[in-house]
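Enquirer: As they're listed, the protein sequences go chains L and W.
Sequential numbering from 1 applies to the first sequence in this note's numbering.
Sequential numbering from 406 applies to the second sequence in this note's numbering.
There could be a bad hint or two in this list.
[What the hints assert, rightly or not] The list that follows gives simulated cross-link-like pairs (lysine-lysine, DSBU-like), each with its CA atoms no further than 35 angstroms apart:
(1) L/Lys387 x W/Lys843
(2) W/Lys487 x W/Lys573
(3) L/Lys238 x W/Lys441
(4) W/Lys441 x W/Lys478
(5) W/Lys575 x W/Lys472
(6) W/Lys478 x W/Lys575
(7) L/Lys404 x W/Lys472
(8) W/Lys967 x W/Lys864
(9) W/Lys487 x W/Lys472
Keep in mind the hints are simulated off the structure, nothing from the lab.
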Amino acid sequence: MTLLHPRHRSALVFIACLALFTIGVTLAAQFGLVSTSFVKTLGKTLCLCLAALAMDLLWGYAGILSLGHMAFFALGGYMIGMWLMYARTEEIVVAALANGGLPATPEEVLQGIATQIFGVVGASDLPAIWSFAHSLPLQLALVVAVPGVLALVFGWLAFRSRVTGVYLSILTQAMTLALALYLFQNDSGLRGNNGLSGLQNLPGVTAGQDAVSLWFFWASAAALVVAYLGLHAIVSGKFGSVIRAIRDDEARVRFLGYSVEGYKLFVFTLTAVICALAGALYYPQAGIINPAELAPIASIYLAVWVAIGGRGRLYGAVIGAALVSLLSSWFTGGRVPSIPLGFGTLHWVDWWLVLLGLTFVCVTLFAPKGIGGLFDRFAGVHSPDRKGAALGPDQGALMEQEAKQ
Amino acid sequence: MRLIALLLAALCLMPLPGLAQEAARIVEENRALIEKPSRQTIGPVIAELAASGDAMADDILSAWADKRLVVRKSDGAMFIAKAEGGALALTALDGSPAGTAASTDVTELKPNAGVRGLIATALVQFTLSDPDPARRRAALASIAQDPTAEALEPLRAAIATEEDPALKGKKERLERLLTLRFDPATEARVAAIESFGADLGLDLRAALNPLVATTRVASATPPPGNIARELRPGSDLSEDEAYALLVAAGLAPARLTVQDQRAALLAHLRDGMVGGLPVAELNTQAARDRAYTALEASGAVPQAATEDEVRAALAAARFYDVYAEPDPAVTAAALAALDRIATRVGIMQAADLGLDALSLASIYFLAAIGLAITFGVMGVINMAHGEFITIGAYTGYVVQLFVPDYTLSILIALPLAFAVTFGAGVTMERLVIRHLYKRPLETLLATFGISIAVQQILKNVFGTQARPLTSPAWLDGALSFNDVVSISYIRIAIFVLALVFLAFFLWLMKRTRLGLEVRAVTQNPVMAASMGINPDRINMLTFGLGSGIAGIAGVAIGLFAKVTSELGTDYIVQSFMTVVVGGVGSIWGTLAGATMIGGLQKVIEFFNPSNTLAAQTYMILFIILFIQVRPRGIIALRGRAAGD
């Protein structure tokens, strides 16, 4: 059985754990042991895990440290949010006009929707980018197409001129900043800093939020499983070997005749699309999206999750994202008891970020394997003995301590 | 007070008895007219009084306008009265005091509003020739603020006697401004307009703009008056606007809005039918129009313009822009003058834009110069650089808490901010960065961790609200060259500071032992070490230096930006961009990068002034494309210095 090859063991264990977790949460929700908002938090966390998975493929396997992938995540959210908001507003407008005595004309409905959505930024016409918002299939296609094309164009421009290492990181950061600043304008056509809201109300669905939150939880879990299997297949095959080689020594791979730029571009675009899909699942659970979600810091957090979980291991990314984001919402939620010190009180809401920042510095300095290192130690996997040399000369190359023998 | 001053002035004129009696004589001769004045007849009397040259004429006229000119009931003599306690202090018309009288003993002359207006105009001449220059200046300012045709003649009369050259210049300028608006002769107005050339004064533009103001008129035939141009609906003005003009002119019925139509249809809803159509079918605009037309035909609703009628009405009517100013020669001259001014203003705006761009460039340069050392020279990506800027700004704030004198506090804050951030930088280098010298991506992430921790600590200590960092008073205000070009002193100070840092950096790198060692360690650490240089020490000092400069930049930036814990975050991406675009490793590159980014951002903002966010967006897009053309920046190091 090829499936039981040791190479696939981690994937099987991961899927088993996730299945158990999903069943457990579903049962707990059915018996009222966990609140609807907590189910939503778990669903959102699974989406973040999905984005971290993509980041791990990009950074951990291909050595490209993108600090802009949350832009694709948010773009995916915006695309699905446009349909959710349009359809929901249409329901409300049609209902309101029907009370007026005359059946509504299409023009009246359109005008009503535009006024409802854009009154807040002082406009009353639907911008051109909302042309497809009436149709779910078209807008779903845009969820993939808009971030995909953006990543393709950006990646093509960047890789073609051999922008690598930290320069690429800074450039991606600039990209997400530019996008965020653009969306902050009121005339960007996406409601400026108000963003899109009310996304938790699914049009045409009468079921309560407790049911809807479970649906999204299942969908997020399913997406995570599918993406995990797909990425696992990619990294354990020949393609995975090539991108790992690009990570460690790009020049040598190029001299061997591989189209390095093509591989990088594929990985960059694929991960952007995965992030977009994760975003499209995330924001209906969050209920609101605004341009602050595209701030460069969000993308850096993505890298932090992967680093803490241990890069170059798919399960590491998932564990890192889940652990840090759940801890983050626990600490900033104000439910953690404050610690009284002699000279004052330690409020976790205020000091959690300090703890996270310093933890992160320590992980980078002392535990490059992150949490994944614990699993390696448990499984008896050791680092190779390369006398301190990294696996390759490139900036993204794995360090000796990160690598497996 | 004023009366006493005038009395003193009048006393000085006493040696001229003939003149001093002149006003009293005129009043006496026209007594009947003055006691019962009318706007039509009193003009010559006021003019004669004003022209008499008697210093009392001013007092008499102002007292008359203020209803203080009184007639004593006992003998019918006329006096100027002034309330003094319960009684009135009287002054004879020749200026001599005449005792007091009870207010019941006299009758006040009460000129009506029209006459008071004539008197006020005549008085302008007196205030314009007042011995006190401050009063003359105030009179000029009040005329300039509210120019009227009546002020023109007195103003002209007051020019010749003016002795103060500055005031004379002002009077002449104001005279020409009034001439071009109010003079009856076309030639005089055109000459006045042309005498200004391409003057940049706002007052001139304020005087010229009303001359070329137009109103939109809809009419079947060309209207009388000075027509600017004919408008074509669809190209010069939208059809909706054109039709609204027609409706306003009463040439067409109002258009039916969707809401009105809806209300009218609902009002005539009978048994689920409107105008012969069932309600359920009224879900398109065409069906509603049909129903409304049917109602119109039956006379149930008023006629309203349909699309066809609107089109026909628009085709029949013609639309014009008509100047409010009737004289074509004047409007032509005014347009030409405004054109000249617009060209000149354009040039000046370009100069102003250049100054703006220069000051923005120096801000970017200041924010990036520390980074040019740590990132450009050492190759260390320090995401906490922005936090060093913030720490510098907060240092300035804390110093101002203890040192209330702003000049002194800034002088203390600059070196202190350097010391604090130098210490922070050295600590960070020792604890974190030296372990990661070969690992730029890990450095990026670790310093990011430090960045969020430091930012949160600052937030916990100083709170989230903005803290003031006040600049000394001598940095307030702006240096203005004319009405268009000006630059605030604080920006000049930042520009100077940026130049000082550039000179300091060049001196340090090219002329000192430390600079030599830094360059040696950067190019080849192993070789440098074998020459007896301690790379650890050099790296530590260089990093500390870069951080310290960031701290000083923080004080400068804090003077004009809000000091919050997120201050540095706003600059970090721009700073990295500046260094990358300029060319890593070259201070001239950083300078070029800052100049390009600052200049370009201002130019983009100029084309879209309402939207600085868009300017930043396009700026970053431009940088991404620029990197395509010159991946190593504007000034690319070649050979061994490039490090590869």
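Enquirer: Output the numbers, in ascending order, of every earlier hint that fails for this structure.
Expert: 3, 6, 7
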